[in-house]
Amino acid sequence: MRIKHPTFRRLVTGLSFLGPSIIGFMAFTMIPLVLSFILAFTNWDVRRHNMFRTEQIEFIGWDNFERMFSHPAFWQYLSNTLFFMLGIPVAIIGSLVAALLLTKELNGPSGLRRIHFIAMGVLMISLAVLLFTGFDFGNMLLLIVLLFAGILLAGLVGKATVYRTMFYAPHFTAGVATFLLWKKMYNPHTGPVNAALRPVVSTIQDVFQTLPPAIGPILGVLGVALGLTLMAFLFRRIGQAWTDGDLGRGALIGLSFISLLPAYLGWRWMEGSWLVILVLLGNLGLLLFFVVRRSLQPPFRQVAPSVGFANLVLPLTGGIVGQLIFIGLAMVAVQLPAMAATGEMAPPDWLANFYWAKPAIMIMAFWAAVGSNNMILYIAGITNIPQELYEASEIDGANAWQKFWNVTWPQLAPVTFFIVVMSVIHGLQGGFEMARAMTQGGPAGATTTLSYFVFIEGFESGRLGYASAVVWALFAMVMFVTLLNFKFGNRHVND
Amino acid sequence: MSAKPTLSTTRKSGMRYHILLATLGLIMILPFVWMVLTGLKPLSEVASEDWIPTVFRWENYQEVFSVIPFARFYWNSLFVAAWVTFLQVITSSLAAFSFSRLQWPGRDKVFLLYLSTLMLPGLVVVITNYQIMIQLGLVDTLTGLILPSAFTAFGTFLLRQFMLSIPASFDEAAEMDGASKWRIYIDVILPLSRPGLIALTIFTFIGNYQSFFWPLVMLRDQEKYTLPVGLLFFDSEVGQSTHLLMAAVTMSVLPMIILFMFMQKFLISGIQLGGVKG
Numbered sequence: 000m001r002i003k004h005p006t007f008r009r010l011v012t013g014l015s016f017l018g019p020s021i022i023g024f025m026a027f028t029m030i031p032l033v034l035s036f037i038l039a040f041t042n043w044d045v046r047r048h049n050m051f052r053t054e055q056i057e058f059i060g061w062d063n064f065e066r067m068f069s070h071p072a073f074w075q076y077l078s079n080t081l082f083f084m085l086g087i088p089v090a091i092i093g094s095l096v097a098a099l100l101l102t103k104e105l106n107g108p109s110g111l112r113r114i115h116f117i118a119m120g121v122l123m124i125s126l127a128v129l130l131f132t133g134f135d136f137g138n139m140l141l142l143i144v145l146l147f148a149g150i151l152l153a154g155l156v157g158k159a160t161v162y163r164t165m166f167y168a169p170h171f172t173a174g175v176a177t178f179l180l181w182k183k184m185y186n187p188h189t190g191p192v193n194a195a196l197r198p199v200v201s202t203i204q205d206v207f208q209t210l211p212p213a214i215g216p217i218l219g220v221l222g223v224a225l226g227l228t229l230m231a232f233l234f235r236r237i238g239q240a241w242t243d244g245d246l247g248r249g250a251l252i253g254l255s256f257i258s259l260l261p262a263y264l265g266w267r268w269m270e271g272s273w274l275v276i277l278v279l280l281g282n283l284g285l286l287l288f289f290v291v292r293r294s295l296q297p298p299f300r301q302v303a304p305s306v307g308f309a310n311l312v313l314p315l316t317g318g319i320v321g322q323l324i325f326i327g328l329a330m331v332a333v334q335l336p337a338m339a340a341t342g343e344m345a346p347p348d349w350l351a352n353f354y355w356a357k358p359a360i361m362i363m364a365f366w367a368a369v370g371s372n373n374m375i376l377y378i379a380g381i382t383n384i385p386q387e388l389y390e391a392s393e394i395d396g397a398n399a400w401q402k403f404w405n406v407t408w409p410q411l412a413p414v415t416f417f418i419v420v421m422s423v424i425h426g427l428q429g430g431f432e433m434a435r436a437m438t439q440g441g442p443a444g445a446t447t448t449l450s451y452f453v454f455i456e457g458f459e460s461g462r463l464g465y466a467s468a469v470v471w472a473l474f475a476m477v478m479f480v481t482l483l484n485f486k487f488g489n490r491h492v493n494d
Numbered sequence: 000m001s002a003k004p005t006l007s008t009t010r011k012s013g014m015r016y017h018i019l020l021a022t023l024g025l026i027m028i029l030p031f032v033w034m035v036l037t038g039l040k041p042l043s044e045v046a047s048e049d050w051i052p053t054v055f056r057w058e059n060y061q062e063v064f065s066v067i068p069f070a071r072f073y074w075n076s077l078f079v080a081a082w083v084t085f086l087q088v089i090t091s092s093l094a095a096f097s098f099s100r101l102q103w104p105g106r107d108k109v110f111l112l113y114l115s116t117l118m119l120p121g122l123v124v125v126i127t128n129y130q131i132m133i134q135l136g137l138v139d140t141l142t143g144l145i146l147p148s149a150f151t152a153f154g155t156f157l158l159r160q161f162m163l164s165i166p167a168s169f170d171e172a173a174e175m176d177g178a179s180k181w182r183i184y185i186d187v188i189l190p191l192s193r194p195g196l197i198a199l200t201i202f203t204f205i206g207n208y209q210s211f212f213w214p215l216v217m218l219r220d221q222e223k224y225t226l227p228v229g230l231l232f233f234d235s236e237v238g239q240s241t242h243l244l245m246a247a248v249t250m251s252v253l254p255m256i257i258l259f260m261f262m263q264k265f266l267i268s269g270i271q272l273g274g275v276k277g
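These protein sequence lines map, in sequence, to chains A and B.
Taken in order, the first sequence gives residues 0 to 494; the numbers are from numbering that gives the first Met the number 0.
Taken in order, the second sequence gives residues 0 to 277; the numbers are from numbering that gives the first Met the number 0.
Extracted from the complex, chain B is given alone in its bound form (with noise of 0.2 Å):
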């Protein structure tokens, strides 16, 4: 008796969902739709309130690379988040499997301390931290934008989390065997990390190519600028040629939602593993 309502409220509520969600999901991206119409246009449209070009101007594209040294920036912002994801991933998993696989007195008072920071504002080390990298000669250079990044709780804690999923009877079964612990964290437990290290990987590239304030404070000479930093100067130096911001917005986001909708998956479960157990 009861089953039947319910069935029949399925079916029409299915549609009606749908409705609501895509007007929702249509508002969402409305800017996006703005932003990437609006990369096409010529200067004479940029005012103009009809968002569709009445033609549609490709050479924009083309033209941010010649007023900035766009592809520059983009090449910048790869180089740091690039090798930012490498060393953190590296790090992290090496101080995960400690915290997570070894018994080792004091083991977990480090990582007490290491959780503690979890919670410490950035701002509290960015002062020093400048100063620090003006001691070591880095201000202004790339590898001044990397090296502070490479070491984070934050990656730690979630790989600790991760392999603490992974069963003690894998490494158990492969100690049997006579595998040291570098065995052991190479051959059994990185593997089986794996939908973890995804997705560290993309939590970790993507902040550090969005990321601004470090690189705003650190960075002076243009051919250095990452994108976001050089979205700012660009927006200052040509405020009036918004449809060549627009463009360059429009390049500098694609490849994060491109990134997003491969890797949508690893990064949901990454996001629950962070979350809900922190």
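With the rest of the complex left out, here is chain A (with noise of 0.2 Å):
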């Protein structure tokens, strides 16, 4: 009795600190649960099944999971959504270099920056004057640069923390306002982004109508070059890690296969043109050379067969992701001649066009995510990196660029792992608000995610059973990312 009865108080005390909550949790997180997993199974549409129309609400088993994968809109949907993914390395390495920036030592010596700091207030009131007494030419200009003035200014005073705030707004602020904000922006007639563009599309039709259309299939060239160059330093890479030890026989070959995406992207888009096979033989010539060739060596020590794929993972897709945009851009450069030629080149319709959506919205979302949670946390971990670590590589002679690769980055390696998960997790969910505030998931679909197809089955079609399906293949999805993330991520980070 004496034992038991401090237990039972012990769990008494716990449980009325956690009541609140615990109610909460369990009415509207575990309940819900529960009762979706039931609804995915059911045909529960409230077209059918309301107060006037009683008709049962019936178990179907697995035929709404059946319909959705029989239904092409699902599948051009999750295609969009893992589209837009696409932007995530990118995203990532945009937070680092920003954070790598913003940890630099800004602390110029004082007589140097007080002459800097009255220069650029001189400049900034001169301007400022000009601006307001309709000083009337060239006022972007002006404007630009008395921004810029002031900016300069407040960060010589204020250091990192005014260039982290500015980096920082477009993510904290980041919601309907913003997305109609950008909406606005992207308007082919009245926006700033084509306003902006039109005066460069124009040179660039001036120049090239001037140009021999020879010019089209050599700029082509040079953008499968620039991202082959891309590839060959990351292909050296994993071959350097797996001499290294630092890469299992499992990671290599899933890394490799990786990598040959932007070969397999490239054929579909381009349906054979030369500028594909030049892609992809380059792709696999230096998988050949860089990789397969080292492969063939024992490693410097043996490792488990699935080490090192999250280490190695990140640079990968940031280096197919450039390969594809330079691939793209090559694509556009080998057809420029020919629409210079017609004299009706103008910028894109961005929102309003099947094609130029997607890419509009992930413009705006690298925008918002580059100073995100993500940079916060790689200056964190930038910091916590012991300096040592720095003096040592230095003594060894090592430039700014091994200092990176063989310190910084495998220290941030835990922060990264952390990181790429949540953004892969959040990825999946996302769009729906940009989908809803910015194209209504339209042109075509262009822009709709699977959060968004979920708005739209439950709550403007009303088949909750249906809504419900799809959400649970989208949790399944999130659950199997979160297993592969930890399965091949832990291990780097307990190093």
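Certain hints may be false.
When the alpha-carbon atoms are kept at most 30 Å apart in a straight line, the in silico DSS-like pairs for lysine-lysine are as follows [as the list claims (entries may be wrong)]:
id, chain 1, residue 1, chain 2, residue 2
1, B, Lys264, A, Lys158
2, A, Lys402, A, Lys158
3, B, Lys264, A, Lys103
4, A, Lys103, A, Lys158
5, A, Lys402, A, Lys103
6, B, Lys223, B, Lys108
Derived from the structure by calculation, the hints contain no laboratory data.
Given two chains presented individually in distinct reference frames, assemble the corresponding complex, making use of the accompanying hints.
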């Protein structure tokens, strides 16, 4: 009795503190979760089962899922979601670069700083006077210079905090308000984006009209070459990681497999143009030269097959997306002379165009994601790296690039791992707010993601059972990615 | 020998990085600059390529309030966000105290249950929660917006992490003095958790101020719209009045920027707490 009594009392105290939270947790998380799972196997449709038409709600087994997988729209929305997620590595790299810049030593010598400070102040005041007294030549340029000087002035006083605030603001305010702002900016006729692009596009057109048509293929080859250079660098890293014993066999094969994705996508997009053959052959050649050749040699030390996957997956996907961008530019470049010859080149219609709507949203998402929590986490991570590691590598004669790859990047691996997991999870569920506020999921479903699809089915069409099935398919994907990341990522993090 | 070149590189690099960062910072805030300037244009200049209005039309801001019940939307948003924040801080801090400071059988299993729902997509429960709201008769009420958001596993997790970093000697000392668990919670742990509580307050407040999906499906009556839903409604009603919309957008973004400027220290420590250890 004496032992049992305190245990019971402890339980009562513990639960009394937990009480308010757990009641809400049960009512609005656990119970809905269970119900939602049950719902996924029913044919509940508010148009058929409501207070006027009391048809019985029936269990229909896997019918919802079968219907979903045979529904072409589902696959389109899934691939839209995955396409949007291609922006993730780019955004993470952007956050890392921003964090690296923000952790640089920004204190110059104080005398020098005062001079810069005074110079900027004088520049700002004179520009402001010019601008507001109606000096009307190149107002735009004056505005830009004025803002630049103002930011620099603030930065010299407030240091990294000022810049961090500016980088973080787009993320912090990201929501319907900023999406509507971008919607207006993307307006093809009245928005500032195309207003800025119009002179650029017409210059490009003029230039291409004067150049010989052969310039197209030359630029195309250049674009492919840039993409391949990027891949060469990454393949070399993979090969190097194998030799150093940082990479297991399974991870090597997996990564090599992923790295052929751009070639595959290029094949689908370009339908057998000569550029795609170049990309394909180039990638295979590089793979043979840097990876396969090295992997025939035994590694420096033996490791488990999956080791090293997490460490290389981000640079690799970054490289792949980079290569896709270069291939895309190459494709455009090849067609430029022909387009310029028509004399009708114009900036894109962005959100109103099936092909440009996704890139438009991705550009906006990049703007909102660079200065996100990821940047803050990277800043903390970089600040926590022991200074001795840099000093040691300096003694070994490492340059800035080598210091990054051999000290900063491995030290940041746990942070990167966390960021990748969270970004992928968010990416799978993302896109609803943008689609609703900017495009209504259009044009022709180009920007409808899975989450927007759930909204349409669950709240506009009222097919609750079907919508629940889609949600659970999404949940299964989230779980799968999480498990995959933990399987491959954990080992490295615990190092 | 080696110290000297390092010093001279910092001497030069200081300004170089300032210029680079200022350029990038400028690019980041350009959309906001356009937003503010367009919000001050007369209608006739909305389509103009010149960013700067010929006359600054401050009446736009007054007009927003007469075209739509903007003050109402503002109030609804602040009301909902404030209530959710208040309730969440209370429920989360109590639960976090229980998970970090009290020993009771089954505690870690229950915590694991909380933890496992952190990865749960919000969409999974949204459809059934809506049906629950219908049953409770809370559809199209502000209470219906507040209630489901008032309890989160994230807040509990964040505060638990924070409370674990407070040395146990503090409450042991209080216990020696005969303080009850409630006393310890109120007089020892809560004051020491202030940075964590502030971080959670900002996260929750901003999250709910911005929240869109749930208000969108819950609200019918225009009088109850929150800002995001109201802005969307405004855009669909007066699509051509970009200048008014931008004035409204400026007004809805402004509180967040001000909040961030003053609170960023707490916010950043909160992100690191929820992130690195998560």
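| Numbered hints the structure breaks, given as an ascending list | Structure breaks hint 6 only.
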